[in-house]
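Novice: Sequence:
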Amino acid sequence: MKFNEKRAISEIVATVLIILITVAAIGIIWGAVMPMIKENMQSGQACLKAKLGIDTTSGYTCYNASSNTVFVVVTRGSETYNLTGIELIVSGGGNSTRKDFNASLPSENEARKYNITTTYSIDKAAVAPIIRIGATTKICDLSAEVVVSPCS
Numbered sequence: 316m317k318f319n320e321k322r323a324i325s326e327i328v329a330t331v332l333i334i335l336i337t338v339a340a341i342g343i344i345w346g347a348v349m350p351m352i353k354e355n356m357q358s359g360q361a362c363l364k365a366k367l368g369i370d371t372t373s374g375y376t377c378y379n380a381s382s383n384t385v386f387v388v389v390t391r392g393s394e395t396y397n398l399t400g401i402e403l404i405v406s407g408g409g410n411s412t413r414k415d416f417n418a419s420l421p422s423e424n425e426a427r428k429y430n431i432t433t434t435y436s437i438d439k440a441a442v443a444p445i446i447r448i449g450a451t452t453k454i455c456d457l458s459a460e461v462v463v464s465p466c467s
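Each step along the sequence shown adds one to the number in our numbering, with nothing skipped, and position 53 is 368.
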């Protein structure tokens with residue numbers, strides 16, 4: 316009996332082809348995924364540096380009950396980052412108000428006073444930095460949250 320003249324690809328050639336296809340697939344996936352990972356790492360690292368505080372020792376962070384206005388002194392440390400805004404959140408009695416401030420931002424080692432008028436009494440105030448990373452603007456997590464005392 317005669318065997319068929321057709322021969323299959325040898326096992327070595329098949330193994331080499333599978334390895335080449337795997338390496339090519341890894342290269343394509345790596346090229347697509349790495350830019351996304353780098354961008355997320357940069358924004359995460361930038362938010363770690365971007366810290367704001369709320370000064371409660373000066374007596375200027377307080378709540379005026381007669382006008383329903385809360386005054387908050389926001390402080391910035393010596394870290395260098397591109398601060399483009401501040402998100403101030405005040406809350407009380409189950410209500411909350413968010414307000415963005417994009418002008419008159421504190422420079423490094425500086426404090427600025429902001430106010431928000433509400434229709435309810437205020438218990439707490441919190442602040443989050445808004446930073447620019449390349450062409451992207453990102454609101455970072457809250458940097459500080461304090462209990463607000465009545466103004467004297």
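Bear in mind the hints are in silico, worked out from the structure with no lab data behind them. Since the structure is predicted, the reported quantities are computational estimates derived from the model, not experimental observations. Hints may be right or wrong, so weigh each one.
Simulated pairs of lysine to aspartate or glutamate, EDC-like, Cα-Cα distance not exceeding 16 Å [stated by the list, open to error]: (1) Lys453 <-> Asp370; (2) Lys414 <-> Glu425; (3) Lys428 <-> Asp456; (4) Lys453 <-> Glu425; (5) Lys453 <-> Glu354; (6) Lys366 <-> Glu460; (7) Lys414 <-> Glu354; (8) Lys364 <-> Glu326; (9) Lys366 <-> Glu423; (10) Lys414 <-> Glu326; (11) Lys366 <-> Glu326; (12) Lys453 <-> Glu423; (13) Lys439 <-> Glu425; (14) Lys428 <-> Glu354; (15) Lys364 <-> Asp438; (16) Lys439 <-> Asp370; (17) Lys428 <-> Asp415; (18) Lys364 <-> Glu423; (19) Lys414 <-> Asp456; (20) Lys366 <-> Asp438; (21) Lys439 <-> Glu402.
Label pairs and their calculated CB-CB ranges [as the list claims (entries may be wrong)]: (22) Asn379 <-> Asn355: 49 to 57 Å; (23) Ser382 <-> Asp415: 34 to 42 Å; (24) Leu332 <-> Arg413: 55 to 63 Å; (25) Ser373 <-> Pro350: 18 to 26 Å; (26) Leu457 <-> Val338: 39 to 47 Å; (27) Val461 <-> Asp415: 46 to 54 Å; (28) Gly408 <-> Thr451: 53 to 61 Å; (29) Ile341 <-> Ala450: 27 to 35 Å.
Glycine is no exception: its CB is placed at the ideal position from the N, C-alpha and C atoms.
Novice: All the hints need checking, so say for each whether the structure fits it.
Specialist: Against the structure, the hints come out as follows:
1. Lys453 <-> Asp370: violated (24 Å)
2. Lys414 <-> Glu425: violated (20 Å)
3. Lys428 <-> Asp456: violated (20 Å)
4. Lys453 <-> Glu425: violated (22 Å)
5. Lys453 <-> Glu354: Satisfied, since the Cα-Cα distance of roughly 12 Å is no more than 16 Å.
6. Lys366 <-> Glu460: Holds, at about 12 Å.
7. Lys414 <-> Glu354: Since the Cα atoms of lysine 414 and glutamate 354 sit roughly 27 Å apart, the hinted pair is violated (cutoff 16 Å).
8. Lys364 <-> Glu326: violated (55 Å)
9. Lys366 <-> Glu423: With Cα atoms ~11 Å apart, lysine 366 and glutamate 423 stay inside 16 Å; holds.
10. Lys414 <-> Glu326: violated (67 Å)
11. Lys366 <-> Glu326: With Cα atoms ~60 Å apart, lysine 366 and glutamate 326 exceed 16 Å; violated.
12. Lys453 <-> Glu423: This hinted pair is violated, its Cα atoms lying about 19 Å apart.
13. Lys439 <-> Glu425: Between lysine 439 and glutamate 425 the Cα gap is close to 22 Å, so the pair fails against 16 Å, i.e. violated.
14. Lys428 <-> Glu354: violated (33 Å)
15. Lys364 <-> Asp438: Not OK: lysine 364 and aspartate 438 at ~28 Å, beyond 16 Å, violated.
16. Lys439 <-> Asp370: holds (13 Å)
17. Lys428 <-> Asp415: Distance ~14 Å between lysine 428 and aspartate 415 Cα, so the pair holds.
18. Lys364 <-> Glu423: holds (12 Å)
19. Lys414 <-> Asp456: holds (15 Å)
20. Lys366 <-> Asp438: Between lysine 366 and aspartate 438 the Cα gap is close to 22 Å, so the pair fails against 16 Å, i.e. violated.
21. Lys439 <-> Glu402: holds (14 Å)
22. Asn379 <-> Asn355: 49 to 57 Å: violated (42 Å)
23. Ser382 <-> Asp415: 34 to 42 Å: The hinted range 34 to 42 Å is violated for serine 382 and aspartate 415, with Cβ atoms some 22 Å apart.
24. Leu332 <-> Arg413: 55 to 63 Å: holds (58 Å)
25. Ser373 <-> Pro350: 18 to 26 Å: violated (45 Å)
26. Leu457 <-> Val338: 39 to 47 Å: At 45 Å between Cβs, range holds.
27. Val461 <-> Asp415: 46 to 54 Å: Given about 19 Å between the Cβ atoms, the range is violated.
28. Gly408 <-> Thr451: 53 to 61 Å: Violated, at about 35 Å.
29. Ile341 <-> Ala450: 27 to 35 Å: Holds, since isoleucine 341 and alanine 450 (Cβ atoms, about 30 Å apart) stay within the stated range.
Hint violations for this structure: numbers 1, 2, 3, 4, 7, 8, 10, 11, 12, 13, 14, 15, 20, 22, 23, 25, 27 and 28, all remaining hints satisfied.
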